[in-house]
Amino acid sequence: MGKKGFKLILGVLFTVIFIYSSVVFAEQGDKDNGKKIYEKKCWWCHGEKGEGNGPAAEFLNPPPRDFTLGVYKYKSSPPGQVARDEDIFRIISDGMPGTMLGTAMPAWKDVLSEKDRWDLVAYVKSMTDLFQTEKASGEISLGSAVSSSEESINKGKEAFKKAKCFECHGENGKGDAIKKLKDDWGFRVWPRNLTKPWTFRAGSEPKDIFTRVSVGIPGTPMPAFADPKSETKLTDEERWHVVNYVKSIADDTKKLKEGEIVVKAKYVEGNLSEDVHAPEWNNAPPTAYQLVPQIIAKERFFKPTIDGVTVRALFNDKEIAFLLEWDDRTKSVPGDADAEKLSEGEVFEDAIAIQLPTSIPEAMQKPYFGHGDKEMGVNQWYWSSGSTSGAQTVKVIDSTGLGSGKARDTAKTDVKGKGEYKAGVWRVILKRSLTTANAKDELQFEAGKFIPIGVASWDGSNGEKGSKHTMTTWYWVLLEPKAGSKVYTYPAAAIIVLVVGQLWFARGMRKEYEK
Amino acid sequence: MKKLIQAVILILVFYLILKVGIPALGSFLHHGTWPVVPTALMRIYMFFVVAGVLLYLTFNEESAKELGKPIKEIYGSPEKGGLRMIVIAIIALFGGYVTYQNVKPSFEAPIELRSIHPAPPSSVEMWGKTYNLMTLTNPFRADKANYEKNAKEGGIVFFKNCFYCHGDKLDGKGHYYSGVSPLPANFVDVGTIAQLQESFLFWRIGTGGPGLPKEGAPWRSAMPIWQHFLSEEEIWKVILFLYDYTGHSPRTF
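Sequences listed follow chains A and B, in order. Read in order, the letters of the first sequence correspond to residues 1 to 515 in our numbering. Read in order, the letters of the second sequence correspond to residues 1 to 253 in our numbering.
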């Protein structure tokens, strides 16, 4: 036998051992070892006995899984069956992506070995009797995948209507439900915002979405559309069309892009429209910011419903306008019966605010991002959505530290604002003149300078009011400097100088060379 | 000619290290990131690199001459007229390009350097009491009999107050970590608590972001002021937990 043959056999042997060993881990994970790891890494959230009630649970939405019921949300076995070991293993390994507003279930594969993760599967399964009597038959059939095309997307849109997905996920897939939903554990659940596939908990590849639509999300209202007993059953093919439709409605302007933290305000000739749909806005580049709940000062709050805001800005010779756009599942109108039906508790107004320092910082120092400080103050432009008895309002608040904010006399500000809610999306314009008479304690905009900006937002149907809101820390807005002619003249001058200089240098060199 | 090529290669190597090497290292240390060196900093570094390489290659007259020889040849030799014109054109165009890059409007956010571990004050006031940070030690460190219990209690403090920023795995990646800038500290990393004294942590946790001196950019840090929420005992216990979970030991000297 040659060297080659030997290598081949060795290779096959290793592969067999490898596959065999992972099968062995899968089949008979060591649940005692699993318990040990669980007690170091997992109990904080999932609870000592796996009841989903660890010390961290009250700060999480959705709450950590209760393992004692044996219900797993993200599984790939046919409807009605228990989860496969591979499903549980996958979530433990990869966690749930879309940490923006999402789950705190982290990926463990970077700190735990494959064996440890299988041992954990064995341990969490042992917390219920269910798996002693039931076993999944395997993965659901994927049928034959349909690749995306305009035709398939249109068919998917039809199926989206036929299967009544919109009743929960909204006409445009924003998750702006028309009913209040609860899961089997009694917790409020929101249908996913389908235009933000990066927040899908169990992956946004076509196959992942197909699986979810087919087997549903057990324990939640999300139905299994492959279930033959279901009234809204969809065929394999229809489900693939739905997948293509869902993929097609992703809204990338709401996705965070790493390192893109500057709102670039574009210069426009003429008037700045107060219409949120004005075509000029198409030329203003969107900048998406993550919003996090206010978890820094009292009163803190931990269960937000809004995870981000997209900011655009335009300016002319006199004014600057910001367009703030964010997905909000509820239009919160105090006094409105429909709003009350969907709300968690009392309905407050929806609101948004931007924060700017009182002057453009010359050095690194800025005001404290939370309402400024004694050395440097901030201006906040605050818009709120109005109620059944009152119109939308805009206020300017001056603040030099938490709790010191004072709303300015309306006569002393020319900030104007106007908002529109449509199919799960708020769009609000805030507008002010570039410079004001009050230069001492109000920001004077200047093109070409980086100006710190922050955003805060309130979802009034989620109990958000006062200090309970979502927010950013400091980012930047830059009014695009007029490029002017120097963009062409300076490089041209550089080229001329370099050519002349080099020719002159060459003359000198030639003389020396001849010597 | 050799010297000149050497110079060009050296400069190129340094450039690649800055442009690709550093982000690659960053990505290795912190998975999923690609921390590029900001342009302004890059320019400063490259200035020193070029100056350094030239100095190194011209440290005596002979090597200076050797470095200069090909230059003299290209610009001076009567036989190299064609090449001369090409070189002149390339250099002039390159100069024009660099100038354009500098005058075109830039949207890259300014770099904000901050000192991550500024010198702590010698004493600090919390809960109306004064603590001497020079002599302060963790009272639970000495209590060997109840170590396990105290560390677990510290863990409960962590999983009620800190994990959504500092991470379920203490790696600085809690579910809200990406929404604050600067990012929350990664306690697993050897660059944080492993180099710090427990009294330093006590000060940082108790007074939070706003407790930092100016070089730490207190106006940006989202680290809360924990004396408003926790007791002295709870802070010492959570410190015990941070070391226990990560396996690091505090600096004691």
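Quick caveat, the hints were computed from the structure, so don't treat them as lab data. Some clues are possibly wrong.
So the derived label-pair ranges between C-beta atoms look like this [to be verified]:
#1 Gln365/A with Val36/B: 20 to 30 Å
#2 Ala493/A with Glu62/B: 18 to 28 Å
#3 Asp252/A with Asn102/B: 30 to 40 Å
#4 Tyr490/A with Ile5/B: 28 to 38 Å
#5 Lys318/A with Val190/B: 49 to 59 Å
#6 Glu125/B with Ile178/A: 31 to 41 Å
Where a beta carbon is used, it is the ideal one built from N, C-alpha and C, also for glycine.
Each hint tested on the structure:
1. Gln365/A with Val36/B: 20 to 30 Å: holds, 25 Å
2. Ala493/A with Glu62/B: 18 to 28 Å: violated, 38 Å
3. Asp252/A with Asn102/B: 30 to 40 Å: This hint holds: roughly 31 Å between Cβ atoms.
4. Tyr490/A with Ile5/B: 28 to 38 Å: Taking Cβ atoms as reference, Tyr490/A and Ile5/B lie about 32 Å apart, which means the hint holds.
5. Lys318/A with Val190/B: 49 to 59 Å: For Val190/B against Lys318/A, whose Cβ atoms are near 54 Å apart, the range 49 to 59 Å holds.
6. Glu125/B with Ile178/A: 31 to 41 Å: violated, 55 Å
Of the hints listed earlier, those the structure fails to meet are numbers 2 and 6, in rising order.
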